[in-house]
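Listed here are the chains, written in short residue letters.
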Amino acid sequence: MMKFQGSHILSVSQFDRESVARILDVAKRMIPYASRQKRCNVLEGAILNNLFFEPSTRTRVSFGTAFQLLGGFVHETVGQESSSLTKGESLFDTARVISGYADIVAMRHPAMHSVAEFAEGSTVPVINGGDGANEHPTQALLDLFTIEAEMNRFNKNIDDLNIVLMGDLKHGRTVHSLSKLLSLYNNIHLTLVSPKELQMPDHVVSALDNAGHKVTITDSMVGNLQSDVLYQTRIQEERFASKGEADMYRGHFSLNKSVYEQHCKDNTVIMHPLPRDSRPEANELDVDLNDNNNLAIFRQAQNGVLVRMALFALALGVEDKLSQYEREVTWFSSKGN
Amino acid sequence: MMKFQGSHILSVSQFDRESVARILDVAKRMIPYASRQKRCNVLEGAILNNLFFEPSTRTRVSFGTAFQLLGGFVHETVGQESSSLTKGESLFDTARVISGYADIVAMRHPAMHSVAEFAEGSTVPVINGGDGANEHPTQALLDLFTIEAEMNRFNKNIDDLNIVLMGDLKHGRTVHSLSKLLSLYNNIHLTLVSPKELQMPDHVVSALDNAGHKVTITDSMVGNLQSDVLYQTRIQEERFASKGEADMYRGHFSLNKSVYEQHCKDNTVIMHPLPRDSRPEANELDVDLNDNNNLAIFRQAQNGVLVRMALFALALGVEDKLSQYEREVTWFSSKGN
Amino acid sequence: MMKFQGSHILSVSQFDRESVARILDVAKRMIPYASRQKRCNVLEGAILNNLFFEPSTRTRVSFGTAFQLLGGFVHETVGQESSSLTKGESLFDTARVISGYADIVAMRHPAMHSVAEFAEGSTVPVINGGDGANEHPTQALLDLFTIEAEMNRFNKNIDDLNIVLMGDLKHGRTVHSLSKLLSLYNNIHLTLVSPKELQMPDHVVSALDNAGHKVTITDSMVGNLQSDVLYQTRIQEERFASKGEADMYRGHFSLNKSVYEQHCKDNTVIMHPLPRDSRPEANELDVDLNDNNNLAIFRQAQNGVLVRMALFALALGVEDKLSQYEREVTWFSSKGN
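Going line by line, the protein sequences match chains A, X and V.
Per this note's numbering, the very first residue in the first sequence carries number 1024; after that it's consecutive.
Per this note's numbering, the very first residue in the second sequence carries number 1024; after that it's consecutive.
Per this note's numbering, the very first residue in the third sequence carries number 1024; after that it's consecutive.
One or more of the hints may lead you astray.
As the list makes no split between identical chains, a pair holds if one copy fits it or if it spans any two.
[As the list claims (entries may be wrong)] Quick list of in silico lysine to aspartate or glutamate cross-link-like pairs, DMTMM-like style, CA-CA up to 20 Å: (1) 1110 - 1300; (2) 1358 - 1143; (3) 1110 - 1077; (4) 1193 - 1232; (5) 1110 - 1309; (6) 1288 - 1182.
In short, the hints are calculated from the structure, not lab data.
Work the whole structure out from these sequences, hints included.
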């Protein structure tokens, strides 16, 4: 198992199965604090530097909240504000200075490998919140946490599952990173549903093969959605030469109540990294599934807080002190209900 | 009286007189904390999500400070940063995710009714910080609080007052919302001074009539400013077809020391929602009144913190625990003096 | 000595030698908290309004962190967001309102003297974080702190030092303010190395002369770098008529390992206000000096936090209560090592 205390979290490739299990276990312990049955102030006085050189409200707020839920202070930088970077300052210099102002750093940046480069100069642990097309490890971890949590309702584990990944599997770093994590588990049947032009890259498929999983590649939903989990991603219009070309794919892989009832199992769990396009013409993941309890997309988003709390706790070595710093919640909350 | 605990604050129309009295009463209890005679940490560990999809330094900082004055953490989003919204995400989805990251939300958004739409998806209380031309309920409440506080100096109440509203009464949501709240009180004489083209909308005047108030509509200041309160608003240049047209109105309704001494009572209290245009050519509310103690505009702005503290406390059900969470102020402050 | 409690910090001209010594002394007491041997929550519940009307990641984060390291809340405004200012609101009005929302204000603004104008309207202490080409007093103080701290390693004081200031000495407010502070000390030999066109302004040189210091003005590095401290600043391309003209100077005053070994003393301490241009063509301060322990540039940046903590503590009158509010650090940190 990797040593978490004092370590950077840059890539899903850092993890073996035991390390992932450890993260998910600590994340589970965060539920009472996130749902406000208790609060925890183990990080009182600690400072998170939340550096979002590329905007992302959802991920930024989730990181910041996670740290505050452990009692810590958050200090944020949003956007390519930093005139320093345009004056030729290296990421090493930026890191050496900025990391001195914090106990831990969460960072998103549009350039591939930029977060690792920053980590080289940092004097404190750095957590990758997304570095361009490269990695978004906390998203992969929250996806895995969600699969495990949802399957627990049916007394299943990640091993032996049937999982469908559907949509643009070529460009989505989300499904690539999740696939890498799934490679750590046993005997999964993965069905990859996408247009031929948007298939999962070979190296990801190979990794799944090598892990001993069964992989089915198809461009048709028919007969292929009888799974435990159906993970839907966007057909990303901006990836195509023209809107017309994108529209050809639209609707071929959209999910709504009728498709679900016709093609899925009774309890197929639906996941989506969000945001989803809710406009009627989007044909992506229809709002008519909102009252289906197997739609896990909002629980999935909430799990992001748990996983990020866990990573903060592990990197700062407080994961076994949580109960010692529990406090009563003094205000009204309906979250735990 | 409305139930505050767990409730959204979206519109002044939610309130009956008893509810308003309750808010103002709780706001009054906040004075020792805002003036730093004591501090209060009843919301220690709680998280406010301060969502300003439209910039507004004054209102944003006031909400954030109010929450910090009760001991809570603030997490902010400023500007239409959220790429999610441009990718077609519904306000319902945004709310369902973001509200999961907070104990309470304050929100400003340029679109009418957007805050109510957001509240539909939220799992925590939402306070409207302004939704376009629609509502700005906390401004109306702080205005009312200011009227009551200023009149208390003269042993008067809101009932039976003489109040002048002056300026652009057609477009200002501020004076509309305040008028709605005044409709809950008794026997007020409201004098509405504006250019004919910028008169108060009929439905607002009708509501005042129906409440049994006396309403005088005029386009002249002469003889009409002998009031307890004179509430001045901007002639908003951007509302007119041309700058020339706007300039026609400029100065006709401007207030300065000479106008005040000639037309007002000895103790007419001057209010203004701020910001005021202080440039010499503005002819709006002159700086030569700055040393007149009846100029209440800065006290009015400070009252915004008290009212927002009160709403946070009520929505989170801690309004009766404040004294239990009082602490000493450890640093030097001249605020209470 | 100046009275710090409740006072604004606007200019280095406010300080006599005793006041500077007091600030540096309090800054030194902050080391255990900044290096996480202990934490301090003497300002728990206090609110800093961090107003950066001009972006500056480094300075903004440093101010915010400094306040959080003393246990206080930070509320930030970044960029010329404030629509109020464009609607003609005076800095006096802005200050009167915004200062009411805080216990202390740190402010950067692009216009000269704007921070002093703001301070006129403020009801709480204001610390100047840079007002255009005018002043940046906290930078000068952290530079002085760094000189003292680095010289202490060699049992030297600021009096009697040999200091080289090199680069664009005409435009850099940093070296101007530092020179003003050095005028408070005794018997310094200052060597000012710059292109003839970018020499130190006469009034700064006169002040150094009047303080009894020895000043050498030169445009050559040769034979002039045998100093205790070498303070390097950027040749600022944007100051020149053309890039070609700027390039003429480039490299004439650049520092790298070979220059250092050839021209400096064994233990000449290298300072730089940062950011530095790390691109190979920059020829400014080469990264090949990064492993030279006399390169003090990153310690210098960290000292900014200590100095800002000291100013907050002094302005809020808590500088003698720090040890009373010490707490254990609950998380893993390698900072103190």
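Each hint, compared with the structure:
1. 1110 - 1300: between (38 Å within a copy, 6 Å between copies)
2. 1358 - 1143: between (40 Å within a copy, 16 Å between copies)
3. 1110 - 1077: Close inside one copy (18 Å) and across copies (16 Å); limit 20 Å.
4. 1193 - 1232: Close inside one copy (17 Å), not across copies (66 Å); limit 20 Å.
5. 1110 - 1309: Answer is between; shortest inter-copy Cα gap is 15 Å, intra-copy 46 Å.
6. 1288 - 1182: within (19 Å within a copy, 65 Å between copies)
Of the numbered hints listed earlier, not one is contradicted by the structure.
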